[in-house]
Amino acid sequence: MSSSSKATASKKMSSSKNSSGKASAARKASATRGLRAATNKVQAKTSINFSRSVRGK
Amino acid sequence: MRSKGRPPSTRQVFSFESADTPLPEEVLLDTSYVVEMLIVSQPLHAAAVNFLIRLADEGVRIRFSSMLELELAVTAFQIALKENHPKDWKRFRHDGRARPRAGRLMTEVSEAWKTVLTYFEHTRVDVEDVMDDVPWLMSNYGLASYDAVHAATARQPDAVGIVTTDVGFCSLPASGTTIFTDSS
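For the protein sequence lines, the chains are A and B, in the order given.
Residue 1 is where the first sequence starts when you use my numbering, and the numbers rise one by one after that.
Residue 58 is where the second sequence starts when you use my numbering, and the numbers rise one by one after that.
Hints may contain errors.
To be verified - Distance condition first, Cα-Cα at most 30 Å in a straight line; then the derived DSSO-like pairs of lysine-lysine:
1) Lys45/A / Lys22/A
2) Lys22/A / Lys147/B
3) Lys41/A / Lys144/B
4) Lys17/A / Lys144/B
5) Lys45/A / Lys57/A
6) Lys57/A / Lys171/B
7) Lys41/A / Lys57/A
8) Lys22/A / Lys11/A
9) Lys22/A / Lys6/A
10) Lys147/B / Lys6/A
11) Lys17/A / Lys147/B
12) Lys28/A / Lys147/B
13) Lys28/A / Lys17/A
14) Lys171/B / Lys147/B
15) Lys41/A / Lys28/A
16) Lys6/A / Lys144/B
17) Lys12/A / Lys22/A
18) Lys28/A / Lys11/A
19) Lys147/B / Lys45/A
20) Lys144/B / Lys45/A
21) Lys171/B / Lys22/A
22) Lys17/A / Lys6/A
Please keep in mind that the hints were generated in silico from the structure rather than gathered at the bench.
Here chain B stands alone, though its shape is the one from the complex:
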């Protein structure tokens, strides 16, 4: 007997906070996850590091977009601003007093990321290599441009799961999409 209604979703969503989560051979790391993993004060830091160690233990390959490096730099800059001006930090982008700290933090984050990569077989994909797919992902699934770049990177040459804390990737088609995220 055929069941009525929409067929069941084939999207697979796993928690990276669970030690039982099955691991694939390769994953794409989204910047949102890498920020949690690299910066100690982030709320999901411990869980993100534990998952990273599982990936290393199991020899999982890492794929990432070159845009991740830019987003890490922006994040470090914003954290430095927020340290100096906790309440209205966005207004102080041009406050020169935060820049030395911002520069140091950007360097620390970049160095930590490079060190992490030495423990993995990894592929860095340039943004221009996936640009043809970005407008299509945006118009078909309503992805924001940055999300579309990471999603396109995860889809070619072969589709791999995305490790992220950003709910934006949930608008990807269920078919063939695997997401590793936090449980909240």
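Chain A extracted, bound-state conformation:
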């Protein structure tokens, strides 16, 4: 493989890694938004001591 071909292949690999990294970051960001939304839905006017109230400790 000529040095210019090697450079092109290396550039392509780097670009592929970048796009895969970007996709992974986008997936994580989307999951974070989804989880924050899901865990922000249950609003109550009070809190509870689970171990004491439910498990009787």
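Given the coordinates of chain A, assemble chain B onto it according to the supplied hints.
Chain B only, in chain A's frame:
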């Protein structure tokens, strides 16, 4: 030279409030943690959510007992009672006025839990699948029955760490037990 006395404990206890806590490939979520994570008014809500997001980011698998669903329902019911009767809410279990709110809260909690699960590879273990181990855990380590069900779920088929805010799990044998809990 051999050191005297009891060998050092091999139990590993980590804080889920710390961003540096090392994460395993799979954890068992105890209901006490899930309550903090799902209900906004709980004191450890923010820390529990941040830990959940770390678990998702790192692709950690989740295991839980089917009993968690029942305990979530009981928790929602009790919170609804406590909203209506802050001081002596336990006396009002049969007060019909709290039930509509209790029903809505139970549904909201259940839906939120189902949504959270869509972001994880997870395993739901039926209580009957671990029942053989429960009496043994109770008699050997003094665990309460509910704790023993979750502990048994965490121990088979392979042992995984337990994410919890319940100190009851501290009576598990140190060897091979990993606990993720709050720092208080």
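To see whether the hints hold, each was checked on the structure:
1. Lys45/A / Lys22/A: Between Lys45/A and Lys22/A the Cα gap is close to 40 Å, so the pair fails against 30 Å, i.e. violated.
2. Lys22/A / Lys147/B: violated (52 Å)
3. Lys41/A / Lys144/B: holds (26 Å)
4. Lys17/A / Lys144/B: violated (59 Å)
5. Lys45/A / Lys57/A: holds (23 Å)
6. Lys57/A / Lys171/B: OK: Lys57/A and Lys171/B at ~28 Å, within 30 Å.
7. Lys41/A / Lys57/A: The hint holds at about 28 Å.
8. Lys22/A / Lys11/A: holds (16 Å)
9. Lys22/A / Lys6/A: holds (24 Å)
10. Lys147/B / Lys6/A: Distance ~74 Å between Lys147/B and Lys6/A Cα, so the pair is violated.
11. Lys17/A / Lys147/B: violated (58 Å)
12. Lys28/A / Lys147/B: Cα-Cα ~42 Å, so violated.
13. Lys28/A / Lys17/A: holds (16 Å)
14. Lys171/B / Lys147/B: holds (28 Å)
15. Lys41/A / Lys28/A: holds (20 Å)
16. Lys6/A / Lys144/B: Violated. Lys6/A to Lys144/B sits at ~75 Å, over the 30 Å cutoff.
17. Lys12/A / Lys22/A: holds (15 Å)
18. Lys28/A / Lys11/A: holds (26 Å)
19. Lys147/B / Lys45/A: Answer holds: Lys147/B to Lys45/A is near 17 Å, not above 30 Å.
20. Lys144/B / Lys45/A: With a Cα-Cα distance of about 14 Å, the restraint between Lys144/B and Lys45/A holds, given a limit of 30 Å.
21. Lys171/B / Lys22/A: Cα-Cα ~28 Å, so holds.
22. Lys17/A / Lys6/A: holds (16 Å)
In summary, the numbered hints that this structure violates are 1, 2, 4, 10, 11, 12, 16.
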